[in-house]
Structure formats: structure tokens, C-alpha cells
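Student: Sequences listed follow chains A and B, in order.
Counting in this note's numbering, the first sequence runs from 1 upward without gaps.
Counting in this note's numbering, the second sequence runs from 326 upward without gaps.
Hints were generated in silico from the structure; no laboratory data involved.
Quantities reported herein were computed from a predicted structural model and do not represent experimental measurements.
Note that beta-carbon positions come from the ideal geometry of N, C-alpha and C, so glycine has one too.
Worth double-checking, as some hints may not be accurate.
Stated by the list, open to error - Over 12 angstroms on every C-beta distance to chain B, these chain A residues come out as not near it, computed from the model:
1) F23
2) I83
3) I104
4) A118
5) I131
6) K134
7) T158
8) F199
9) Y207
10) F229
11) W240
12) V275
13) S288
14) P298
To be verified - 35 angstroms max Cα-Cα, derived DSBU-like pairs, lysine-lysine:
15) K537(B) / K308(A)
16) K308(A) / K416(B)
17) K564(B) / K345(B)
18) K310(A) / K474(B)
19) K308(A) / K443(B)
20) K339(B) / K401(B)
21) K443(B) / K416(B)
22) K442(B) / K310(A)
23) K310(A) / K416(B)
24) K446(B) / K310(A)
25) K387(B) / K442(B)
26) K446(B) / K339(B)
27) K389(B) / K537(B)
28) K558(B) / K512(B)
29) K432(B) / K310(A)
30) K446(B) / K308(A)
31) K474(B) / K308(A)
32) K401(B) / K564(B)
33) K443(B) / K310(A)
Each chain, written out:
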Amino acid sequence: MWETPNRIGMKKGWWLGLLILLFLFASIGVSEFYLTVLCEALVMSLLALSFNLLFGYMGQLSFGQAAFYGLAGYTVAMLITKIHFNFWLSLMAGVLMASLIGLIIGYFCVRLRGIYFAVLTLAFGQLLFVIIYKWHDFTGGDDGIQGVFPPDFLKSPTHYYYFILFVFIASTYLLWRIVNSPFGQTLKSMRENSERTEFLGINIARYQLIAFVIAAGFAGLAGAIWVPFYRSVAPFYLMWIKSGEPVMAAILGGPNIFLGPVLGMFIMTFVHAWVLGFTYFWPVIMGSLILTIIFLLPGGILGFAQEKMKQRRESKLKGNPLRCS
Amino acid sequence: MFLRTEGITKDFGKLRAVNKVTLDIHNGDIHAIIGPNGAGKSTFFNLITGYHKATSGRVLFKGKEITHLPAYERCKLGITRSFQITSIYPKLTVYESVLMALLSHRKVTLNFFTPAKKFFKEEVWHILEDVGLTEQAYLTGDSISHGDKKRLELAITLGTEPELLLLDEPTCGMSAEETENTMTLIKKLSTERGLTILFTEHDMNVVFGIAKRISVLHQGTLIADGPPEEVRKSEEVQKVYLGGTA
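Please take these sequences and the hints and turn them into a complete structure.
Tutor: Structure representation (C-alpha cells):
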């Protein structure tokens, strides 16, 4: 029997191993400033991956993903600062809170598709943002919450970096298994042709809801581990501008490739950190970057690279290696 | 009684698309629904598969009323369809598309961890061999020929291991050779897999070539129902449909 062909990535595992090795030794080679940037890039990449489960795989644009990120962050911050709750249990509570609210919001959103889905997620996200922003007595309002400390052994940035790296790798592995599982295949089929999929016996809304809750949970995990590292949380973590970051990361790196959003988020985070050194006009740089990608590399950076590799393979098969397009 | 519609009716506003159709479809039959454009064939199909909700009347499948079940529930009971305008997965491979149908039918779509491609290899290849798509297994749905797309859709429907298969114009847009192949395939599926097949078709050669039973719809009303010879002889059918020349 034939084997189904390997998609880009897993068989050529050597580069993945190399990458992980590089991350393991990163704390030695980089300054504390860039180690912080690296932590942020990893955490935001997890947010981007959670977003892309909905966007790249299920085909629905969520414009409120940061709400779950921020909500979990606030849950952790409040539990730790107000009642000195156990750190690990606080992280879990953050993820649970994000998933639970994801279930409620998702219940309404999965009834809609396309732009209506996007607008509704945006509206719910902004609603949560406004509640936290205005409810000064409970949430600290626009001051946010400061003094969110991790346990002593995680207080050094290097130690916390390894903690973030571990969570990132474990979550990425889980998400990789999910998108390749029968459930992931179902999401892709719904994206490709929801009518056909319904006539195969799939209750579309139910599967969309499950994916929505999973995505909310992982977004929550990202927020939960970020806040104790940054020692604080603020309302803008839930804002639509924050929700836009995973959207741009996915488009930049390539939403149709599993690690595309991660590459996109790394580029965004590092260019941001670097550009802020000499100008405040970060949005101009970011805007130009996005425009360049959309016009020159449709499908994102990794998407474009994969397309080129496929073309080269095909032209080799046809015995015409010089043919380029 | 395998499938029965009882006085099934569908109104779109003031237009009555299907008018009180009572019809029995017998187990193992190849049953054709014919009629001129706008006769209500597709709407009748949609009422059986749950794509449209009936205005009045009932649909019974193996004695169980399914009139109010949504499409995916009917599919679980064993009723699957193809569409008049081919409905496939453009960016999934032929293999993945058929696999998806099996994953759904065998209820493993809530598995979040095992790679999907580890499931049902034999079954997928068996279906691909049956419909003649093994060569195209790793091509995406949008990159294969029109005839192959129609066959892919058939392969996808077979993946749900149906008992009743509804085909909406299965040979639409096919060349004479492709049509011939499809007819042979439909006959083969009916005998080998014991499928009951209900289909609509414009090509009368196809209809009289493979149907064991034919029902004629005209302006939403059932005007004839029986074996091919009987329907061919029916005066009313000749008048409204075959133009008196058949």
C-alpha cells in the first residue's frame, strides 16, 4: 500500500531539532533585553497559533483572540495579588476561565460565518475590554494590576525563559497533533466546503464551538504565563489592537502552514524591539512590511517558500530543472 | 418499505415547487426521477436529504419519520447525496476527501491526537479503486478533470457507507465515454454494495439504460411511477415530457 505523502515539516525533522537546540542555548548568547523580547515572541506566538487554529484551519477570522489572553492574565494577576493563590493553580484557573468564557462567547459566534463571525468576536472582545477598563474597584481599571510575582525559583528571567520555552514547545506539539488528527481534518473540511461536510454527517456549529474553546484555552495559557513574567497586567491586553497582532502574524508568516504564524510573530516582535531603538513610527514600518508581504509574497513567507519548493520539485520531476516562474 | 414520502409539499413563497408527492423507493432499486426543467426534481431531493424543510407531508426512512431531522442526522442514518453542481473539497487531496467521509461516518472525528492518516487506509483505497481514482489520490480536488470531480464526489458519498444514495445528475457535463463509465459504475455499486440509488438525470439513454423504476414529476406533481416500459408508454408522460415522440 502507498503511504500518504509527507507534508512539509515532520520528515525533515533535523531543522526542527536544530531550532529547539538553538532556543535551549539562546539564554547564553543574548542580552537580557533580547531575552525578554524572545519570551514575548514565544508567548505571542502561542497566541498566534491558537488564533490560527480558527483562521488557517477552520477558515474563520477571530478578531477577539486577545480577550482570552487578557482574561487569563487578569485571572492569574488577581488570584496571585489578592488572595496569594498558588502559582500553578492560578495558571490553571486562568486557562479554565479563558475556556469557559470562550464557551459562552463561542456559543453565539459559531452560528455565524465570515465577516459576521469576525465582527461578533471583535464586539465580544471589546465588551470584555470595556468591563475590565471601567470596573476600577475590582480590576484596577486603566492602572491594571502590578506586583504579580512568580515563585522564587522562576524570578530570574533566564529561568522563566525556560519555563516559557517548555510551555511553548509542549503547546505547539499538542496543537500540531490536533490539526493533524481526525478533528483537525474535520476543521479543514469545514473550511473547504461546509455544505459538503454537513452532508457527511458533521454538525458544523458543534465542531466550530469545540475549536473555539480550544483556541480560547491556548490563548488563555499564553496570557497566563506572560503576566507573572512581566509582573503586571493592563486592560489593553484585551483590546482589539492586541487581537490584530495574531491576525497580522498569520498573514505575514503564512496561515496555511502550521508554523507560519510563529515566524510572523517572531519577525513582528523583533522588528518592533529593534525599530523602537531609533523611532516611534513603528506602525509605519509594520504597515509597509504587511503591504510588501501581501503584494509580493501572497500566502505569507512560509506559504510562498512552500509553493516555490513544490514548483521546483514538480519541474524536476518533469526533467526540466531550469524552468522558473 | 425503505423510503417513503407521504404527500410531501414544498412552497417557496407562492410557488409550489413540490406538490403532495407520495412515493415509495424500494430497497436495492436504481430509481430515476425525471421531469422537465423546473419540475421540482432537485427540490424533491432536497426534501429527502434535509437540505430544505418540507411545508407539509412526511418522509419516512425504514419506517422511521425523518421529516424534521437536520441533514447531518439523516446522513448518519445512511442517506447521502451528490450535488448537481459538483461539491468537493478544492484544496484537500482526493485521498483526504474520501478519508474525511469515513472519519465522519465511523465517528472518530472527536479524536484529537492520533494522526488522521493512520485511519481506514484499506477502506479509502478500496473506494478509490471502485471509482477508478487511485492514480489521482494525491492530487487536490481542484486539479482533476470534470469527470474525475464527479467521481470524487461519488467516492466521498461512498465513504459515508450509505444505504440510500441520491445522485443529482451524475453524468451532467460528461463526455459520452465518461457517461458510459459512470453508468457501469452506478450499476456495479448497486449490485456489489447493495446500495439503493435514487437519481435525477436529463439524459434519457442513461435513465432507460440503468433505472429499474422511473418516477416522472411535472410542475411539482408526480404524474407517473413504474418500471421503464410502463412509464415510456404512459400517454400523460409522452404529452408533457417526451413530447409524444418517444
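Student: Against the 35 angstroms threshold, does the CA-CA distance of K442(B) and K310(A) hold or violate the hint?
Tutor: holds, 21 angstroms
Student: Under the criterion that the straight-line Cα-Cα distance not exceed 35 angstroms, is the pair K339(B), K401(B) satisfied?
Tutor: holds, 33 angstroms
Student: Mind checking the alpha carbons of K446(B) and K310(A) for me, to see if they're no more than 35 angstroms apart?
Tutor: Roughly 25 angstroms between the alpha carbons, so the hint for K446(B) and K310(A) holds.
Student: Check the hint pairing K387(B) with K442(B) against an upper bound of 35 angstroms on the C-alpha distance.
Tutor: Status holds; Cα separation ~34 angstroms.
Student: Would the non-interface assignment of P298(A) survive a Cβ cutoff of 12 angstroms against chain B?
Tutor: The claim stands: P298(A) keeps its Cβ more than 12 angstroms from every Cβ of chain B (closest is about 15 angstroms).
Student: Just double-check V275(A) for me: nearest Cβ-Cβ distance to chain B has to come out over 12 angstroms.
Tutor: holds, 36 angstroms
Student: For Y207(A), is the shortest CB-to-CB distance to chain B above 12 angstroms, so the non-interface label stands?
Tutor: violated, 7 angstroms
Student: Check the hint pairing K310(A) with K474(B) against an upper bound of 35 angstroms on the C-alpha distance.
Tutor: The hint holds at about 23 angstroms.
Student: Beyond 12 angstroms from every Cβ of chain B: is that where the Cβ of F199(A) lies?
Tutor: violated, 6 angstroms
Student: Regarding the pair K558(B) and K512(B), is the alpha-carbon distance no greater than 35 angstroms?
Tutor: holds, 24 angstroms
Student: Hint check: K308(A) vs K416(B), CA-CA at most 35 angstroms. Holds or violated?
Tutor: Within the cut-off at roughly 17 angstroms; holds.
Student: Are all C-beta atoms of chain B more than 12 angstroms from that of I83(A)?
Tutor: holds, 34 angstroms
Going through the hint list in order, the structure does not satisfy hints 8, 9, 15, 26, 32.
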